[in-house]
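Trainee: So the protein sequences, as listed, match chains F and A. For the first sequence, the working numbering assigns the number 1 to the initial residue and increments by one for each residue that follows. For the second sequence, the working numbering assigns the number 296 to the initial residue and increments by one for each residue that follows.
No lab work stands behind these hints, which were simulated from the structure alone. All figures in this text were calculated on a predicted structure; none of them were measured in a lab. Treat each hint with caution, since some may be false.
Unchecked claim - Taking lysine to aspartate or glutamate and the EDC-like style, the derived pairs with C-alpha atoms no more than 20 Å apart in a straight line are:
{"id": "1", "chain 1": "A", "residue 1": "K563", "chain 2": "F", "residue 2": "E63"}
{"id": "2", "chain 1": "F", "residue 1": "K185", "chain 2": "F", "residue 2": "D96"}
{"id": "3", "chain 1": "A", "residue 1": "K559", "chain 2": "F", "residue 2": "D96"}
To be verified - Take a look, some chain F residues computed to stay more than 12 Å from chain A by CB distance:
{"id": "4", "residue": "F22"}
{"id": "5", "residue": "P116"}
{"id": "6", "residue": "A121"}
{"id": "7", "residue": "L135"}
{"id": "8", "residue": "M225"}
We put the beta carbon where it would ideally sit given N, CA and C, even for glycine.
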Amino acid sequence: MKSFRTSSDKWLLAAFVACIAFTLILILVPVLHAMHLSLFKSESFVSESKWVGLANYVQVLSEPAFWRAFGIGIVFALLTIALQLVLGIACALLLDQPFFGRPVIRGLAILPYLLPTVVVAVAFQWLLDGSLGLLTIWSEQIGIGRPAWFENPLIAMGVVVVASVWTWTPFVTVSFLAALQTVPKSLYEAARVDCAGPWARFWHITIPMLTPMLVVIILLRSIWMFNKFDIIWLLTKGGPLGATEHLPIMAYRRAFAQYDVGGGAAVATLSFAVLSILIIVYFHFYPLEEKDQRT
Amino acid sequence: MKKSLAARAAIMVAAVLLGLWSFFPIYWMIVSSLRPEKELFGQPELFPRNIDWNFTSYRNLLELTDYPLQFANSICVALVVVLITLVVSVIIAYVVTRFRIPGKTAMIGSMLYAYMFPPLLLAIPLLSIFAKIGFADHLIAVVLAHCTLSIPLGVWMLWGFFKVMPFDLEEAAMVDGCSRAGAFVRVVLPLSLPGIVTVSIFSFLLSWTDYVFSFILVNSDANKTLPVGLASILGSFDARWGELMAGATLITLPLFILFMFLSKYFIKGLAAGAVKG
Numbered sequence: 001m002k003s004f005r006t007s008s009d010k011w012l013l014a015a016f017v018a019c020i021a022f023t024l025i026l027i028l029v030p031v032l033h034a035m036h037l038s039l040f041k042s043e044s045f046v047s048e049s050k051w052v053g054l055a056n057y058v059q060v061l062s063e064p065a066f067w068r069a070f071g072i073g074i075v076f077a078l079l080t081i082a083l084q085l086v087l088g089i090a091c092a093l094l095l096d097q098p099f100f101g102r103p104v105i106r107g108l109a110i111l112p113y114l115l116p117t118v119v120v121a122v123a124f125q126w127l128l129d130g131s132l133g134l135l136t137i138w139s140e141q142i143g144i145g146r147p148a149w150f151e152n153p154l155i156a157m158g159v160v161v162v163a164s165v166w167t168w169t170p171f172v173t174v175s176f177l178a179a180l181q182t183v184p185k186s187l188y189e190a191a192r193v194d195c196a197g198p199w200a201r202f203w204h205i206t207i208p209m210l211t212p213m214l215v216v217i218i219l220l221r222s223i224w225m226f227n228k229f230d231i232i233w234l235l236t237k238g239g240p241l242g243a244t245e246h247l248p249i250m251a252y253r254r255a256f257a258q259y260d261v262g263g264g265a266a267v268a269t270l271s272f273a274v275l276s277i278l279i280i281v282y283f284h285f286y287p288l289e290e291k292d293q294r295t
Numbered sequence: 296m297k298k299s300l301a302a303r304a305a306i307m308v309a310a311v312l313l314g315l316w317s318f319f320p321i322y323w324m325i326v327s328s329l330r331p332e333k334e335l336f337g338q339p340e341l342f343p344r345n346i347d348w349n350f351t352s353y354r355n356l357l358e359l360t361d362y363p364l365q366f367a368n369s370i371c372v373a374l375v376v377v378l379i380t381l382v383v384s385v386i387i388a389y390v391v392t393r394f395r396i397p398g399k400t401a402m403i404g405s406m407l408y409a410y411m412f413p414p415l416l417l418a419i420p421l422l423s424i425f426a427k428i429g430f431a432d433h434l435i436a437v438v439l440a441h442c443t444l445s446i447p448l449g450v451w452m453l454w455g456f457f458k459v460m461p462f463d464l465e466e467a468a469m470v471d472g473c474s475r476a477g478a479f480v481r482v483v484l485p486l487s488l489p490g491i492v493t494v495s496i497f498s499f500l501l502s503w504t505d506y507v508f509s510f511i512l513v514n515s516d517a518n519k520t521l522p523v524g525l526a527s528i529l530g531s532f533d534a535r536w537g538e539l540m541a542g543a544t545l546i547t548l549p550l551f552i553l554f555m556f557l558s559k560y561f562i563k564g565l566a567a568g569a570v571k572g
């Protein structure tokens with residue numbers, strides 16, 4: 001199949017080599033450079049840097065703050081992933097039913113996913129504004145006072161989690177809805193003949209048939225939720241008192257606010273390492289050669 | 296299969312709740328941008344009685360801040376990103392599916408690997424590199440940074456498209472005297488148009504909505520893209536909610552217009568995991 005050659009192929013191959021080189025340089029150099037930076041001590045990106053070997057890692061790993069940030073990241077990721085999965089699957093099952101106005105609701109259900117994170121953050125800040133926010137006023141009217149949305153550590157975490165779930169649940173909904181269409185209808189009919197209720201049909205047909213798809217969804221959600229920076233940064237900046245500060249925010253703070261570029265790069269590299277494990281698992285379940293099955 | 300009335304009513308109620316949950320924050324944002332400023336401070340009404348037909352919030356935003364300039368920045372950056380992404384990913388995906396390239400799985404694999412990395416972790420080393428070669432605080436830096444996301448995505452999606460396209464068609468065109476370029480333009484491009492549209496939409500979306508890269512790479516107000524510009528209004532001492540909501544609505548509007556006309560491609564791309572997040 002690849003035997004056909006024409007005289008212009010030389011140029012095409014040259015262009016290909018140029019494009020590949022451009023892309024790989026663009027992508028791999030930053031990753032390698034992060035590792036390189038993490039071995040030096042420097043105060044900013046332009047000042048002199050001094051070779052310190054693994055000292056940045058030793059220092060970062062020995063700080064309780066690092067482990068706290070790591071734990072907060074895991075709590076945030078687990079909460080958001082679990083909620084997104086449950087809600088997303090429920091929404092997909094709902095949108096799979098025929099009802100009046102379904103195309104409209106399907107469209108609306110996707111919208112939050114298209115919004116820029118900054119718009120989500122601004123919209124939630126407005127709903128939760130300390131004196132003028134709609135939700136603040138409503139909770140005052142039903143008699144629970146004005147919640148300290150961004151000052152109470154637990155509530156702040158809750159706000160960040162709800163905003164993330166609101167935005168990224170449609171990913172699960174859309175993927176699961178698409179996957180639902182691949183389950184043969186005859187299975188459901190056979191189950192109905194055998195008097196299986198909707199609940200039994202869901203657990204014994206839908207879930208087993210879609211387990212591979214679910215694994216992929218869960219892995220992708222974990223890879224991305226574990227390192228969400230913008231939504232947390234824009235809503236709480238890691239506060240109050242570091243209650244929502246996870247590794248990416250810590251990396252940012254070290255590199256830009258505490259003038260410790262090496263330490264920030266060390267945190268970033270450690271996050272790469274954790275992520276790489278997840279990504280390797282993802283490629284194990286979903287090898288590249290089969291990728292076009294999904295498009 | 297007939298459903299009982301109760302079951303249908305339950306589905307309707309759930310659907311309405313889902314619609315409200317998804318749309319209410321957006322509705323509230325748009326409504327707040329349209330109300331007269333005074334009313335933002337009063338008792339909130341779900342359905343505003345007064346609409347400010349002077350669009351004071353929008354006027355203030357456009358006249359008193361760098362928003363128009365940042366809008367232009369965002370458009371320029373997004374269009375250049377789409378262009379680079381299309382050229383590079385079409386060439387890579389086409390050659391990879393039509394020629395025997397040693398180590399191609401490793402190449403594509405490393406691209407996808409990087410695609411999964413969170414932007415912030417790539418932005419820190421990128422800033423260090425750009426600072427050294429003098430591109431810091433420059434839109435070129437933002438364009439290149441966005442390409443680290445959009446090119447792997449483009450290659451990934453177009454690879455799937457070109458792979459399933461029968462080679463016989465091009466071969467026939469070439470036997471009939473077309474050059475490879477001619478066969479590509481006359482046969483492959485028209486057939487892969489849906490894929491190319493999807494890649495364009497999502498590269499635009501990635502670039503248009505990105506906050507992290509421009510936040511890290513750009514400092515001066517004049518070089519900010521829209522999301523960073525909006526966030527800096529949010530961060531300023533005295534939050535002007537009317538103007539903020541107007542700004543948020545203006546960022547969102549182009550996306551919703553695109554979505555209305557091209558929702559088929561959006562949904563296909565979303566189901567294929569095209570958006571990082």
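Trainee: Give a verdict on every hint.
Mentor: Verification of the hints:
Only pairs whose Cα atoms come within 20 Å are accepted, and A/K563 paired with F/E63 is rejected, the gap being roughly 45 Å. Restraint check for F/K185 and F/D96: satisfied, since their Cα atoms lie roughly 13 Å apart, inside the 20 Å limit. Under the criterion of a C-alpha separation no larger than 20 Å, the hint pairing A/K559 with F/D96 is consistent with the structure, at around 17 Å. Here F/F22 does not stay apart from chain A, with its beta-carbon only about 7 Å from theirs, under the 12 Å limit.
The beta carbon of F/P116 is not kept farther than 12 Å from every beta carbon of chain A, the shortest such distance being approximately 4 Å. Not every CB of chain A is more than 12 Å from the CB of F/A121 (nearest about 7 Å), against its label as outside the interface. Non-interface status of F/L135 relative to chain A is broken: a Cβ of that chain comes within 12 Å, the nearest being about 10 Å off. Distance check for F/M225 against chain A: the nearest CB is about 9 Å away, which does not clear 12 Å, and the non-interface claim fails.
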